[in-house]
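Protein chains: 2
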Amino acid sequence: MSIGENLQIIWNPQEIERKSMSIIDEYLQGKSFAPVEKDIIKRIIHTTGDPDILDSICIHKEASRAGIEALRGGCNVYTDVNMLLAGVNRKKLQGYGGDAYCKIADEDIAKAAQELGITRAAAAMRLWGSQLDGSVVAIGNAPTALFEVLDLIEKGIAKPALIVGTPVGFVGAMESKELMIEKNLVPYVTVRGTRGGSPSAVSVVNALLYYQGN
Amino acid sequence: MSIGENLQIIWNPQEIERKSMSIIDEYLQGKSFAPVEKDIIKRIIHTTGDPDILDSICIHKEASRAGIEALRGGCNVYTDVNMLLAGVNRKKLQGYGGDAYCKIADEDIAKAAQELGITRAAAAMRLWGSQLDGSVVAIGNAPTALFEVLDLIEKGIAKPALIVGTPVGFVGAMESKELMIEKNLVPYVTVRGTRGGSPSAVSVVNALLYYQGN
Chain A
1 MSIGENLQII WNPQEIERKS MSIIDEYLQG KSFAPVEKDI IKRIIHTTGD PDILDSICIH
61 KEASRAGIEA LRGGCNVYTD VNMLLAGVNR KKLQGYGGDA YCKIADEDIA KAAQELGITR
121 AAAAMRLWGS QLDGSVVAIG NAPTALFEVL DLIEKGIAKP ALIVGTPVGF VGAMESKELM
181 IEKNLVPYVT VRGTRGGSPS AVSVVNALLY YQGN
Chain B
1 MSIGENLQII WNPQEIERKS MSIIDEYLQG KSFAPVEKDI IKRIIHTTGD PDILDSICIH
61 KEASRAGIEA LRGGCNVYTD VNMLLAGVNR KKLQGYGGDA YCKIADEDIA KAAQELGITR
121 AAAAMRLWGS QLDGSVVAIG NAPTALFEVL DLIEKGIAKP ALIVGTPVGF VGAMESKELM
181 IEKNLVPYVT VRGTRGGSPS AVSVVNALLY YQGN
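So the sequences go chain by chain: A and B.
Residue 131 in the numbering used here sits at position 131 of the first sequence, with consecutive numbering throughout.
Residue 25 in the numbering used here sits at position 25 of the second sequence, with consecutive numbering throughout.
One chain only, chain A, in its complex shape (with noise of 0.2 angstroms):
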């Protein structure tokens, strides 16, 4: 290796993974989190690159226990986007008996998408309906969908057991996920304002998987 002689380069990945952990536990001195919580926290600071996320992040009291239990009980995972379901760990969802779905690349989905005039995200999201029932729903992306899963919700069409919702924009990004809080209608963790995107749902579905605590 001659690139970057001069560059203290770190290839070995369980020492970057530590060191990483290290840097982001110093960002968050003096602070004090339930420590699947500060999981959730460390894991989302690290996928963004960025510490000054964490006034942006809500963690619902109830979200990290509801959530591993559903997880570790076979719920499964439902996503809006292809990037988020490529970045959950389904090899562990798997063992414990539940697995991670996305519909929006699905031929029926692109067609009641046309047909209702909503997003694929959401038409997804409407035809998994009461399927979402005790499950984990993760939305990375798009607003309506959150809209949609609080309306199933409203409707006691389907209750999930955690909404991991992190949708990223400047149309409605904010709104579902300030909704979403004000509505309170089941546990959820979120990353407020316009921020968020898959990394962020994808960081608290796989802390949550990994949480080795009761």
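One or more hints might be untrue.
Any copy will do: because identical chains look the same in the list, a pair fits if it lies in one copy or spans two.
[Claimed, not checked] Distance condition first, Cα-Cα at most 30 angstroms in a straight line; then the derived DSBU-like pairs of lysine-lysine:
| # | residue 1 | residue 2 |
| --- | --- | --- |
| 1 | K111 | K38 |
| 2 | K111 | K31 |
| 3 | K19 | K91 |
| 4 | K111 | K42 |
| 5 | K183 | K42 |
| 6 | K19 | K183 |
Rather than coming from a laboratory, the hints here were simulated on the basis of the structure.
With the hints as your guide, set chain B onto chain A.
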């Protein structure tokens, strides 16, 4: 739809896209960019939900031309992680004759990484080796993958047409991107600092794929 009755929720995907891009245009008012570079910048702002990321975006003056020529010529896109692979519009890419690849979950890569004491993302780049010649290399997560590609170029093993290099995090990410800029071996697009991630890399690749001009 009963949820969010007091909100002006936009459900139509085209309208969301239009409104979103018009909000981002407002953030860019008074600034001047070449059309394709503006597309790249707008997509990165869109996917991060953060107009302030503009100041960290760095586009090599030959990057868009080199990337568009290579993609239209049927080059492949080699990615470091599956989340990035999941976001690239492969249909569009296949229409030009290329495809997108990620080897991080392959068994031979896990074995090679273990033997070499490097990350799987870096091992994938090393095993691709000369295949990276003339390609678009997109790295959204692993600084070690970017260090490795820069090394392959310096050793004369491969010369990608473009590097989309937006690794994220606190261990090596900033350093790998600064080294890419400093060495200036091939055209690049990057987000400087600790931030970045797969969505930013996806944004750049898709902006180049979707661009209609010359």
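Checking each numbered hint in turn, tell me which of them this model violates, lowest number first. 1 and 2
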